[in-house]
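These protein sequences, in sequence, are chains U and B. Per the working numbering, the first sequence starts with residue 1, numbered consecutively. Per the working numbering, the second sequence starts with residue 1, numbered consecutively.
By construction, these hints were calculated from the structure, which means they are not laboratory data. Fair warning: this is a prediction, and the values are worked out from it, not measured in the lab. Certain hints may be false.
Which chain U residues face chain B? A few, computed with CB under 10 angstroms, are given here [to be verified]:
1) V265
2) V266
3) G278
We treat Cβ as the ideally placed atom computed from N, Cα and C, and that holds for glycine.
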Amino acid sequence: MSEEPILLEVEGLGKVFAAGNALNRRPVHAVADVSFRIARGRVTVIVGESGSGKSTVARLIARLIEPTAGVVRFQGEAYVAKVRRRELSRLRRRVQMIFQDPFGSLNPHHSVGYHLVRPLKNYGKARAGAGVRGRVLQALEAVGLTPGEDYIDKYPHELSGGQRQRVVIARALIVEPLLLLADEPTSMLDVSIRMGILNLMRQLRRDRGLSFLFITHDLASARYVGDDLLVMYAGQLVEGGPADDVVERPAHPYTRLLLSAVPDVVHNPFASDRAPTGEPPNLAQLPTGCHFHPRCPQVMEVCKRVAPRRVELGGGHFAACHLNDMDYAARQDGTIAQEAGNGASRRKG
Amino acid sequence: MTVLCDIRNLSVTYHGDVDVKAVQDVNLTIRRGEIFGLAGESGCGKSTIVLALTRLLDRDGEISGGEILFDGQDLARLSDAGMRPLRWSKISLVTQSAMSSLNPVLTIGEQICDGMVAHGVTAREAWSRAGELLRLVEVDPGRLRSYPHELSGGMRQRVMIAMALALRPQLIVMDEPTTALDVVVQQQIIRKVKELQREFDFAVLFITHDMSLLLAIADRIAIMYAGEIVEVGVAAEIRDAPRHPYTKGLLQSFPSVFEKRELIGIPGSPPSMVSPPTGCRFAPRCPVRLDECASVAPPTVDVSPTHRAACHLLGEGGQGCV
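In isolation and in its complexed conformation, chain B is listed as follows (with noise of 0.2 angstroms):
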């Protein structure tokens, strides 16, 4: 598979009283087609990665370092009037609350053609495809004349994906798109994500905290913490052979209802992103921290051609913490 979208040495500083860096020289690379999943807790940075790709920052975010190759463009280098023929087209968001996306005063129908006559799609053409993007998802084109209300939370969050879908883009961002909604819902809307991802092949780029989730439907998968990726590989590697101490600790803080075994967690929170512990970041919650630790910044070690992770047990041919 191609490389679609290559995130290299990305940091976003948000300016204010003091300045935060929220993420910190962050390499990614999203392929063609694949769902790449980035996991991590409330405040690791992962929301604030999928603002700098689609250049949603605010005025105090700012893109302070790095590259984000996506087709060609440095889409950290290029200005809003550059970025907006891409928006929709080539890349699409769908956000956790569907509620607050859709505007609650316009028929749902208004919303799925405004992004595709913004495009330049006659209005006829735009609503006719309107219907069939509903009904690509399972929503009875007769909602195009409903308003947001009318719907149920899993309705809306299907019509943000028809949204998202209209002009066929290469990636979808998907922050958190079904945390929200209840296990069923969430079930439904999943596989048809994965169908139509299987019908129009583009790559998505998953955000949540909830790892099994991610397990289940992610090809590759990305763990964050305190605004630096700790560890990058397929699915399977992250799930059977987890090399960082971190990603450990997460996947022993997710219950099973199939078996019953005893969990731990992670003693200790997150730091403060305001300032964060220096050498390794997750050292004063690290249960096998090394001297080391707490003054050097771990580098990262590639595992396997595929799975690399920045822990300082994996160095010199260390096996980290297996």
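Same shape as in the complex, but just chain U (with noise of 0.2 angstroms):
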């Protein structure tokens, strides 16, 4: 996707949690092989509806919870299913997270201040004493809370929720992280305050050669902070490559749909005839090959019995989808046509 060095590799990572009982064990597939690379210095997103698992890819490179498939590698070194502590310290120290609620990521009892040194004291960065007033405060002026001695000495709910926000990611950065992951960061902010936080974001990949990781259901944000995208649905990766290619030339149905879905300023997702249909699946019950063929206005026979393969389209820009890959869906489309004429019927076409 670019020249940069490459930060952070995640191949065919997968998380299936065990739902229902002893009974009835029905495991949910949030998240299956997804791969993809963030370089250094971009800011990567992944867009999906709720529950396409979007969340859960970044918890497990967080690893705040365990992959049941797969292997994250950060600047080259593999965090495979356990991690010992150290490991995990390691990864954390350069991989940092921040949340949707910029309320509940706030202890109420703690001041500003108590919170920035937390994470200094937690990596053994805290030793120089005198030196760790100076850190916090140029960590609340780098996220734009200036001068930081009105702030470090508040509690959060002196603060607005913008100001909390830049709190959480004034924490994230003062040890010094390489990748900030940031789930859904700016849903819970009003309008009129949620611009700053990206253009934050923005900024710090600006100046600091900061590598972000994005996860957002809103597409105008992600196109607004992105370089590159990545679609999820039903815990896959669908579609990725740089945001241009992606919004402009989109490859796959469920991209093309979502992007039709968008209210927009220069768009009117109601001016057109055709409505979208159904529901993404239950992860428990996911349709077999291509999990978005009930919703496809595109279906072809071979999708629904065959997975679709990853194809690159150039630039870095890849799908999932048999239309991009007709020689293999053929391929496929014949095997599926000899068994079924080796049946008592034989199918046309």
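Could you use the hints to bring the two separately framed chains together as a complex?
If you want it as structure tokens, here you go:
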């Protein structure tokens, strides 16, 4: 996707949650076979509807939950199924996470300063003593809380939602991570405040070369901050690549469906006659073949039985759809036709 | 189009340790058969207007001034008993969270019928109408015997719309009806609402913070800030020629998927309603404020026959922030 060195590499990442009870086990396939890379200094955005598994991917990378398949490599170091505490601490110093709810992420009993000093202590960076206050002030000013002295002794309830989210970002930045995982950091903020946080992300990328994995359901924000876009549906990546390519030349019917539904200042999604149908599938009972086939306007016979492969479309743009892989689809379809031919009735076409 | 609901100088006060005037001198008209959009951020008073209009304010909330003329009656002065015959039959309400608007221990059918039976429809008739209503919103009528938890979020919201339609009201108030839904489901629901509206000719008061959604669906739009209406106009006027700096800032706060442009948002945060700023309430955050903005409240100026805004920059032939 770019010339920059690869910071994070995710390969075949999967997570199956065990749901149901002893008599009725229903494994939920939250994330399946997710692979992508994040280059240094780039903002990669995962978009998808609720339940698509996008937050689970972020949590798997941060090791808040254990993956059931796949490898996460950070700067070439692999983090496979079981990770030791020390390794985990090494990872978390370089990969920090911020969450949706700036109210739930800060302890109401502690001051802003306390929240920012804690990570320094946790990662053994607070020995210098006198330098600590300076670093806290610096971190506050880096996120636009200037002058830092005005904020360092405040408590969360004295801050607005946008200011709290800035404190949360400052806390993540203070250990100088290379990658920030941001799970819907703006969706609970008021619209007029939201832009400030999105612009802050862009500024941190520009000035510090910080990389982001930004999880959102809002395509407009995704386009605004994202260099690369990944589209998730029912636990899988269906399309990805440079944001401009994906938005201007979407190659997967689901991406086209999402784009057609976004209300936008320059595009009215209610003007066209075609209405989308259906809803995302139940992750405990996924459709066979391509998970999107029951809703796909261009569905073919092969889509119902064979899962599509990921096909490179050039310039780092990829999609997992038979429409971009017709030779493979035809071969698979041929096999299906043969199998059907061996049965009682012969399929035509 | 004739006026269906005329809100005049409406003020709402919440009583507590300190009294908070959440809505201040609001003037709005909703015409028959239109989609009227009301936009603003959380705490600006848009939901309070909904509660005043539907007379659902709790004990602490009081309509402290003004009138709400609806179909010849002043709703602001009606007693609870006087309001009851209007609920569902003249005005109905669809809220953000269908999850909490539906009773989890009653079936969908029982809940749709409840309102109709209360308005004198026989139980048998109500049940058959409930089936038709579900068909209207494209939910399988077999779902009448389902409980809310068995339905997806989008389906629950469709059920709410079916319920709102049951007695063919003239006005359906929709308070952030699609905020909790995904974009694709949102599009499905909004299309359905527009289709039903063409068929049954009701008016919609649509409340949301999402300007891009509102610009796509509303006929006219009002922008609210800190308890006051700062601008009202036809959707195209608001989109193409906003005259209030807040409206402009709000439009500048929504990135577009299809167009890459630099956006600035609005600096600062909305004021506390306990002690709102004197003069123009937006002045502390306004990038183009004048000296008088801090002390004198701006007058509301007609920009066109359908478009008005309250900003000092519009005074004495000024063009506002163009």
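Outcome of the hint check:
1. V265: 5 angstroms, holds
2. V266: Since the shortest Cβ distance to chain B is 5 angstroms, the answer is holds.
3. G278: 9 angstroms, holds
The earlier numbered hints are all upheld by this structure, with none contradicted.
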